[in-house]
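Chains as they are written, first to last, in our numbering: chain F, 1 to 241; chain S, 1 to 241.
Each hint should be verified, as a subset may be incorrect.
[What the hints assert, rightly or not] Within a straight-line C-alpha distance of at most 30 Å, the following computed DSS-like cross-link-like pairs (lysine-lysine) qualify:
#, chain 1, residue 1, chain 2, residue 2
1, S, Lys89, F, Lys124
2, S, Lys207, F, Lys220
3, F, Lys71, S, Lys220
4, S, Lys184, F, Lys89
5, F, Lys220, S, Lys87
6, S, Lys89, F, Lys119
7, S, Lys71, S, Lys127
8, F, Lys89, S, Lys220
9, F, Lys220, S, Lys206
10, F, Lys124, S, Lys87
11, S, Lys184, F, Lys87
12, F, Lys127, S, Lys89
13, F, Lys184, S, Lys127
14, S, Lys55, F, Lys87
15, F, Lys55, S, Lys119
16, S, Lys89, F, Lys87
17, S, Lys178, F, Lys89
[What the hints assert, rightly or not] FRET-style restraints, in silico, Cβ to Cβ:
#, chain 1, residue 1, chain 2, residue 2, range
18, S, Thr90, F, Pro216, 24 to 34 Å
19, S, Glu158, F, Glu193, 26 to 36 Å
20, F, Lys55, S, Arg198, 31 to 41 Å
21, F, Arg70, S, Val118, 24 to 34 Å
Derived by calculation from the structure, the hints in this document are not laboratory data.
No experiment lies behind these values; they were computed from the predicted model shown.
Glycine included, every Cβ here is placed at the ideal spot set by N, Cα and C.
Protein chains: 2
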Amino acid sequence: MPDFRSFAPELCPEKDQIALTPFESHHLVTTNRAREDDTVVLFDGAGIECEAILKIANRRRAILTAARYRKVERSCLQITLAIALIKGKTFDTILRQTAELGVSCIQPLITERTQVQVKNSSAKREKWTQHLIEGCKQSGNPWLPNLTETAGLEDYLENANLESSVVASLEDNSTPWKDLSISKSTTLFIGPEGDFTRSEYDSLEKKGAQAVSLGPYVLKSETAVVAAISQLSQYLRLDNR
Amino acid sequence: MPDFRSFAPELCPEKDQIALTPFESHHLVTTNRAREDDTVVLFDGAGIECEAILKIANRRRAILTAARYRKVERSCLQITLAIALIKGKTFDTILRQTAELGVSCIQPLITERTQVQVKNSSAKREKWTQHLIEGCKQSGNPWLPNLTETAGLEDYLENANLESSVVASLEDNSTPWKDLSISKSTTLFIGPEGDFTRSEYDSLEKKGAQAVSLGPYVLKSETAVVAAISQLSQYLRLDNR
């Protein structure tokens, strides 16, 4: 049996019947070819999952009946990815990957060397959310990452309350993971292709962000994001043994 | 000064003058816009680097004079990535990323659920090598990963001499990194989009491959590769403290 998953943000355990949005109906019935009586796992992005049966395989309004609800606890690791915007489809891919990796919050940043124009931000936001949902669907992550408003780095730092934070750094003063002091709720800063400026590194340091090296070579942003999240998650898990 | 890097596989410290291939000349002069008297770092992919001055900025045959040679030691971590082929450009991206991450060998695999037809393998190989060189150039890695011939998984396992190996696994019996027994020279198996079959997992297990979990959710191959290499490298480095 294929593992069908659909996003249904308004799930609630009292509901016996669920109608999907046109987008989700199309994805389930046309793209994934689910048929009547197939089992589908619905998730609301906030930890509720529902095993449901597809009753009307309509391409614009699929109808399902709920069989079993369950609540999935939030992970004890809470990673916020504060990342400088990247041009083109790379940023979409990164969003999908962060959902696969179980990041809890994405903070898009504009930095001095960011070369992306942000126009029509609500359309952009909707598109970005779709990539996050896609990552959740593919990976089985029932928690949709929280996507916050794009902000300038300096503005963000001025207002942010950072419990613990690290910045992936190409500078010489970076510290190996084992020497960092980080908590289970950590913000991870990833710079733009041309890196943060010296003055941005200073601002990050003033807010307590610890510089960490991801390895001996210079990683592209798309590689750095997955490498950093993986290393941070692993470090926090190992630390807990 | 921009950080120009070019691949020159026939570097040797006796040579004062180096001519680049047409491909590398084009990349340096046309794409990256290097000009006469610019400093360029040449690397041979086997640990020799040469700081050189661009003397003739010819788009088909750039000529440089050597200023300083240096030898870069090979990392003590030797990771072989044994990976099921993936359709389309994703595999190209993965190759570039493995070079950024400093993998020492790539073993492309055909598995039961691999959905890629391998035709014209020498043209393919040349294209793949180009992506590895690109990753080395971007990241500053002076060691070009060794690309071995594509092989069937069972044939490969029959002949491979695996000092230590792990397989990224979605099965319930996977072990956290901290409980694995792995050496600095490790082979990492990554399955196809539909995962290894039960019988392939059995063959891997018979050869001593230890099943490891990359986290709570199901990662796409492109995410799994970077996550697994990053976690393995980090684990091997932490283990050495």
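Hint check results:
no., hint, verdict
1, Lys89(S) / Lys124(F), "25 Å, holds"
2, Lys207(S) / Lys220(F), "35 Å, violated"
3, Lys71(F) / Lys220(S), "25 Å, holds"
4, Lys184(S) / Lys89(F), "36 Å, violated"
5, Lys220(F) / Lys87(S), "22 Å, holds"
6, Lys89(S) / Lys119(F), "29 Å, holds"
7, Lys71(S) / Lys127(S), "27 Å, holds"
8, Lys89(F) / Lys220(S), "17 Å, holds"
9, Lys220(F) / Lys206(S), "37 Å, violated"
10, Lys124(F) / Lys87(S), "28 Å, holds"
11, Lys184(S) / Lys87(F), "37 Å, violated"
12, Lys127(F) / Lys89(S), "22 Å, holds"
13, Lys184(F) / Lys127(S), "42 Å, violated"
14, Lys55(S) / Lys87(F), "34 Å, violated"
15, Lys55(F) / Lys119(S), "44 Å, violated"
16, Lys89(S) / Lys87(F), "18 Å, holds"
17, Lys178(S) / Lys89(F), "36 Å, violated"
18, Thr90(S) / Pro216(F): 24 to 34 Å, "25 Å, holds"
19, Glu158(S) / Glu193(F): 26 to 36 Å, "44 Å, violated"
20, Lys55(F) / Arg198(S): 31 to 41 Å, "33 Å, holds"
21, Arg70(F) / Val118(S): 24 to 34 Å, "43 Å, violated"
Hint violations for this structure: numbers 2, 4, 9, 11, 13, 14, 15, 17, 19, 21, all remaining hints satisfied.
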